[in-house]
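Based on these hints, arrange chain H on the given structure of chain U.
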Amino acid sequence: MEIEIQAGTEAGVPAPETAQERTVGTTLLEVSDLAVEFRTDDGTVRAVDGLSYRVEAGRTLALVGESGCGKSVSSLAVMGLLPATAHVVAGQVRYRGDDLLAMPRTRHRAHCGRHVAMVFQDALAALNPVHTVGYQLTESLRARAGMSRRESRRRAVELLDLVKVPNAAQRIDEYPHQFSGGMRQRVMIASALAMDPDVLIADEPTTALDVTVQAQVMRLLAEIQAERQMGLVLITHDLGVVAGVADDVTVMYAGRAVERSAVRDLYAAPAHPYTRSLLRSVPRLGTRDDGHDDAHDGARRGRLPVVPGRPPSPGHVPSGCPFHPRCDMARDVCATDRPPLAEVAAGRSSACHFADELLGGDRG
Amino acid sequence: MAEEGPKDDVVLEVRDLAKSYPVRSGVVLKRTVGQVQAVDGVSLTLRRGRTLGLVGESGSGKSTLARVLVGIEKPTRGTVLVDGEDVSTMSRAARRELRRSVQMVFQDPYTSLNPRMSVGDIVAEPFRIHPDAVPAGGRRQAVAELLELVGLDPDHVNRYPHQFSGGQRQRIGIARALAVKPRVLVCDEPVSALDVSVQGQVINLLADLQDELGLSYLFIAHDLAVVRHIADEVAVMYLGRVVEQGVDRDVYDASGHPYTRALLSAVPVPDPAAQADDEVLLLDGDPPSPADPPSGCRFHTRCWLARQLASGTGPEAADAVETDGGPRVPRRCATDDPVLVPLGRHDAHAAACHFVGAATAVSAARRPDPATVPDPATVPDPRGS
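Line order of the protein sequences matches chains U and H. Mapping the first sequence onto the numbering used here, position 51 (from 1) lands on 56, and the numbers just tick up by one. Mapping the second sequence onto the numbering used here, position 356 (from 1) lands on 382, and the numbers just tick up by one.
If we strip away everything but chain U, and leave its shape as in the complex, we get (with noise of 0.2 Å):
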């Protein structure tokens, strides 16, 4: 096992060696037809429905939805760490061709923890506040690896420099509550890089932290990921965040994926008409489209643009195409008949029945 940073981002270099090589292109994680099922008071509710992508190594993939779209519900069922009231229904995960919740769930916790890491949204949470950084590094390493004290230890210090966490071997023996939010995100990256995983998930990993903070956490998991040829995988409600770090985006919309294309594709031309809605509720500084001129004049500025109503909870799903309440393409058929998600241009998707229309009509 290695630490050290290698060069090599381009496609063709090889990777660097690690337990497995890490050839660009090569599928790492494939989820098909996944479905989770949360048991609740008023019967069950399907929370992800029919999810299927694939992480392959030195890419991106963005999984963008919002709250309750299932986005972090299914990676919590990728890693084997589902609460007790969900379970899978169907469907499969595999990692690198070894189904994953085929597996005993010990087995496949203990893949996950090697293979396949996860870094969280709250930092502050998933870390223990009575222990100190270093031993919160240390303690995977010594369970999992085997390590001992000093060179868990010796490991936790190359973990932190490799975030770049400042001063690092005196900052280990501190506690959670001394870092700052961008700090202890660095600390939970470092965490999940320690057993080198091929795959890292990254559940909202800036959305409680600054801008600034932000760009450097997005530069620094960008960095690690073309330098590691890892599969990353980054789950985030915000377009913008993902539009320099992706390589491919799967939109998710009430437990189901609504479009499915590159990055480039999806930032010119959405193929479903909630991407463009989202699209276009990011607020944009460059643009202002309001006519706002003259601030002095005293004119009031033109209206965000929004997506009217908010994401269905799971379990009141709309009939149809669950986004047909908030569609402004919407017609008759989109309330009774469910698109499914189909190739509408080469290496895109979408579950929209007039995704032609919208990719004629925003190319026009």
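Treat the hints with care, since some could be wrong.
Stated by the list, open to error - In silico contact screen, one side only, chain H against chain U (beta carbon under 8 Å); selected entries:
#1 Ser191
#2 Gly193
#3 Asp221
#4 Ile229
#5 Asn230
#6 Arg254
#7 Leu290
#8 Val293
#9 Pro294
Unchecked claim - With a Cα cut of at most 16 Å, we get these calculated EDC-like pairs of lysine to aspartate or glutamate:
#10 Lys169/U x Asp310/H
#11 Lys207/H x Glu238/H
#12 Lys207/H x Glu171/H
#13 Lys207/H x Glu174/H
#14 Lys169/U x Asp312/H
#15 Lys207/H x Asp237/H
Said to hold, decoys possible - Far from chain U, some chain H residues (derived; all Cβ distances over 12 Å):
#16 Gln61
#17 Ile98
#18 Asp112
#19 Phe153
#20 Ala162
#21 Arg165
#22 Glu171
#23 Gly340
What the hints contain is simulated information worked out from the structure, not anything from laboratory work. Glycine residues also receive a C-beta, built at the ideal position from the N, C-alpha and C atoms.
Chain H in isolation, oriented as in the chain U frame:
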């Protein structure tokens, strides 16, 4: 602020406001070992019917300033004037009356609403403190009207906060703030906890309410894109000080302070092509502790411009100094505390940087004209894949 408007136009003014907290140590006998200057000499003006955006990172003092403005905290120094009257010198009764006119909308719609109170009780709570503010129709009627005003169903008055989504809870928070008919709303990160599609709804609601009720907003956020959409004027804070202020166009398109420029470049642009073009002026690390602010210009330890100047060929490079552990910066940055100086274009635009000229030049060169942004299809893939 440098600009002198007609006096009756100003609803809220702060002059040289400071708030410090003691740092205590010791287990039994607490000794004061220092002071944290959370807000250190801030002057701001808020005009009637206008929105002043206040931006900065965590620890810049923007939330402390908000708490002083609504009276949760007492300032250590300086004055708060509401409608031209000094809040600190007036009688208790008059102060309470005035406090009514400045209300607050909190950041987290999950923790700022009491889960054991019904929505009706939450929205009517300000009437308990200000009984004279209850309109003629009575509380019940007033609550129904308030819920209607913020786009909630008045029939839901008996529901509890957990039955509402984040965006709806923030609407409840806004209804509560509006109950006593304030003239100023201090909004502390009102949308940062919400989903993107819901953020827009709440911002639009605030804009509608402003038009309808003639409200003035102090809008605090770390998201500069959100602030741009709602603010007429912007003040940028760093470690307790205002480092730049002005009308939004000046601050955003002709930034005079390297910190503003860096904040702007950190905003994620929802466009892969633009992200490749715009080099991010990454700010290293976190802001220094306000308990021990850097000497000279407080920003010099993280300033990209100071580093650029010190490593350049100009006179500043020859005179550059090494700060302890920090980068080499021009001597002035490490020793002299810059003051806000007006920047030609509008009187109100001012920045506190020794090298305002250099900063503005960089801003002008960096901000691409939207019309000339190249077509994404012709731009090579920045990731080289």
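query: Going back to the hint list, which numbers does this structure go against?
result: Of the numbered hints given earlier, the structure breaks none, since each of them holds.
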